[in-house]
Amino acid sequence: MIHNVVNGVYSHVNVLDPTLSRPARARPHVLPVTALDAPSPDAAALAVLIGHVANLRDRTAYAALFKYFAPRVKAYLRRAGLEGAEAEEVTQDVMLALWRKAEHFNPARAAAATWVFAIARNARIDHARRRRGASLPAMPELEEPDHSPSAETQTLTAEREAQLRAALRALSPEQQQIVQLSFFSETPHTAIASTLNLPLGTVKSRIRLGLARLRAALEGEP
Amino acid sequence: MIRHHPSAGTLLAHAAGTLAPGHALVLAAHLQSCAHCRAEQARLEATGGVLLDDLAPEPLAAGAFAAVLARLDEPATPPPAPPRQADLHLPPALRLPSALRGASIGRWLWIGPGVRYSTVRLPWAPEENVMLLRVAGGRRVLRHSHGGVELTQVLWGGFYDHTGHYGPGDIGETDESVEHQPVAGPEGCLCLAALAGGLRLPWLPRLLGG
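Residue numbers (the working numbering), protein chains in the order written: chain A, 1 to 222; chain B, 1 to 210.
Treat each hint with caution, since some may be false.
Claimed, not checked - In silico SDA-like cross-links for lysine to any residue, where the CA-CA straight-line distance does not exceed 20 angstroms:
1) Lys67/A with Asn129/B
2) Lys204/A with Gln175/A
3) Lys67/A with Ala56/B
None of these hints come from the bench; they were simulated from the model.
Quick caveat, the model's predicted, so the values are computed rather than measured.
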């Protein structure tokens, strides 16, 4: 129990400033002044930064998000087959969308990286569409039904990311490669088959097995 | 109670963004009705997020951040005008899934006894072969196979074929290896279907004297 002396009187909490007696983790998040030089933020910090962009239109928070995500989005788009200049341009579109859509980010539903992945994936689909015909309109975005998150789902989002990461690390290198290729390459199955020089059926069954292992890990099965 | 779900590969392709736009539309309609698949989709997207997070960063061109900063205050492109949707005189209890909101929907056309279809055109992917299909109670759809994967989401009523019974919210997935002849349940059936590679009708060459 924490005892504070306030004006000579013992009390269990500091009545003048209750925050002083809260545990350290409850301290308000302090934005780095030089966001571009700050060390890599963790998942919770990224979610807080998106919240600052949504609620405060905070460009310092946005700079930190840009520094973290833009080079990863570009790497993703390069793997999806976009050339250097295209990848650069679409990355900028993704980062602009991150600024505009920040208010739709729901930390109880998805981790920051999951949310950015979905935006980048949609930009990739949109890019493929524009390649086919420049005049075609954009695919409309569906607003998802907003099931108000319970405390339980909030914990699950954070836990799920950690579990997924552990489960991915636990896969064999071949399976890791296959899971990665199925998310990143343009024509997953055939591309994987030719990259790894495997029959298509083998690739499909390895994808199934890899995903089943991930799911089992998430559901806490052996 | 939803009994028929899309295959793991189709869900994966949807999460990865590599599913054809027509199939993605039908899958979106399924996700709106199926909490089980929504959870699976969330898991797959979270996997995509972890993979993105773990990628070796590729530096952007000098000035990229300044270029984006300069665009932050630009107005976003306004959404396109709502497309034309014919009045299909749907059963009163039925609301079309909101996944169809951006698509144009044609009037019913007769293609056989008790079977009508309406063309669903996606302005963002006009080459896709998507349709609403309405089959009267007990009527058969023509025996057919497919040039590729067919996804069929039941919106109202139901149908059955050799793979089982499909009710509201169920999705049927068949590929080029399957030849089937769905029969509507007694109340009839309304489905949203996306086809790849078109239909193959085994009786057509015979009909044409082939």
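Hints and how they fare:
{"no.": "1", "hint": "Lys67/A with Asn129/B", "result": "41 angstroms, violated"}
{"no.": "2", "hint": "Lys204/A with Gln175/A", "result": "11 angstroms, holds"}
{"no.": "3", "hint": "Lys67/A with Ala56/B", "result": "13 angstroms, holds"}
Checked against the numbered hints given earlier, this structure breaks only hint 1.
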